[in-house]
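Engineer: Read off the chains here:
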Amino acid sequence: MQVGGDWNTILTALLWLVFMLYMLSDLPQKTQFMRYEKGVAVRLGVLEGLVKESISKVKSYLVKLGVSSVDTLVNSTLENYFAIEPVSIEPTDIIKRLDHIITVNEDKFKGDLRKAMPNIGRHMLNNIAVSLAVTSALYTVYKILRHYYLLGKKYENWILLMQLYIALPQIVRELLPYVRAVETFAKGIPIGDSAGPMVAFKLVGLSPRIDIEEDTVYSVVELEGRKVYVIKAKGPGATVGKPGKAVAKIAEMLSYNISRIITVDAALKLEGEPTGLVAEGSGAAIGDVGPEKIEIERVAVRCGAPLDAVIVKMSNEEAIKPMVKEIVEGVEKAYQMVLEIIRNRTKPGDNVVVVGIGNTVGVY
Amino acid sequence: MMLMQSDIITVLLIAIVIGLLAYLIKSSLDYSKERKEIMEKESRPVKIIAVASCQQNDYTMEREFREGDFIGKIDGACPKCGSQMIIIKIYSLYMETPQKSFKLQLR
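Just so you know, the protein sequences line up as chains A and B, in that order.
For the first sequence, numbering that gives the first Met the number 0 gives the first residue as 0, with consecutive numbering after it.
For the second sequence, numbering that gives the first Met the number 0 gives the first residue as 0, with consecutive numbering after it.
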């Protein structure tokens, strides 16, 4: 009886103590802060490991290709080549300015790579450029997250740490495919985003590719009396080309006598939607920041041509991972849909433009 | 009666304290488990398949992807008609990892 009574007294006192500490001190906040801090640190550790893995994969690939001063090349890529958005408060010619900044940055990056690897072919160079860009993107995200983590720790900003703690699991899972993507691009394996170029390939097969813009080609095929101009990035290296400018050039070449423009691209699916689902709509199916999309829209308006969009749905991860079978099946459906649009909505003798948008890695 | 009541409260309090301690240990172990789980999920083995088809569409062949393959690559001659084989599809498949089975194998 005595023992039970003692325990009871001790535990009651203990619970009272805990209750007082909880209600009258900032101990709960401190404990929560420690939990958030630890959770964020662990997840940042995972991310750091991923970045290091990605960097070492790129480096080992460059070493395999016989590139000298690999460390300098990779380190300079990770820190340099940022682009500053043009002034948007004055929107006049903003697209031209944005396009100029993007082009200058890309040219500088590829020029530096060419200097470092003068004996490497164009397609291989594109594969390396994209692998380095993916690693650089991973590193940038890591740096930003680390910045907020250290800031939160420095100023004991538990709200900042809480936000990171909540958001990090999703961010880490979304970044994981990027690590594998480095290897995928280096080996030249088609990814989910290659769905558009794959549809273009199915339309033209091995017909001759004619250069029209930087890293962009077109082929002409005859389909039941219609002349179909199929535009895609120049494969099989990893590049998206400049499809908008290519459409503008083709339109000029045809004196704006175009009956229909069909764009085919990979699109993000909503959670719950199946991978490889094909849908059709209106507008330019292209996910660039603006300069290429606006060119297609302008051409369509000038020609008075309907603008069809055929999309193959996939998740963000699937878009940069090696293409899965469901997407391959989606490509077949998208190809059939494009054929149907051409057959049913254009007349023999018409000029039709089909644009396979996306990264053409592993697709000729 | 009072004695019994106090014993029940004691047992209840002890149970609450043990429960809280168990939760504390479990939640701190979860962090270290998470890293392992993420890595395992991403490192599921993937097989890349290349499908080549004869230009006359009378023969299709599947094989594992080799570096340098791409869609549109001429991949030898058709064993049936001798025309060119072209790679038409490249896709990935998750490989099934063998599950440990403890079932008795009866013959």
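Since the hints were derived computationally from the structure, they do not count as laboratory data.
These figures come from a predicted structure and were not determined experimentally.
The C-beta atom is built at its ideal place from N, Cα and C for all residues, glycine as well.
Worth double-checking, as some hints may not be accurate.
[What the hints assert, rightly or not] Computed footprint of chain B on chain A, listed as stretches where at least three residues anywhere in the stretch have a Cβ under 8 Å from a Cβ of chain B:
no. : segment
1   : 9-22
2   : 261-269
[Stated by the list, open to error] When the alpha-carbon atoms are kept at most 30 Å apart in a straight line, the in silico DSSO-like pairs for lysine-lysine are as follows:
no. : chain 1 : residue 1 : chain 2 : residue 2
3   : A       : K114      : B       : K72
4   : A       : K153      : B       : K25
5   : B       : K46       : A       : K201
6   : B       : K79       : A       : K201
7   : A       : K58       : A       : K95
Engineer: Now look at each hint and say whether the structure bears it out.
Structural biologist: Consistency of the hints with the structure:
no. : hint           : verdict
1   : 9-22           : holds (count 4)
2   : 261-269        : violated (count 0)
3   : K114/A / K72/B : holds (29 Å)
4   : K153/A / K25/B : holds (28 Å)
5   : K46/B / K201/A : holds (24 Å)
6   : K79/B / K201/A : holds (23 Å)
7   : K58/A / K95/A  : violated (36 Å)
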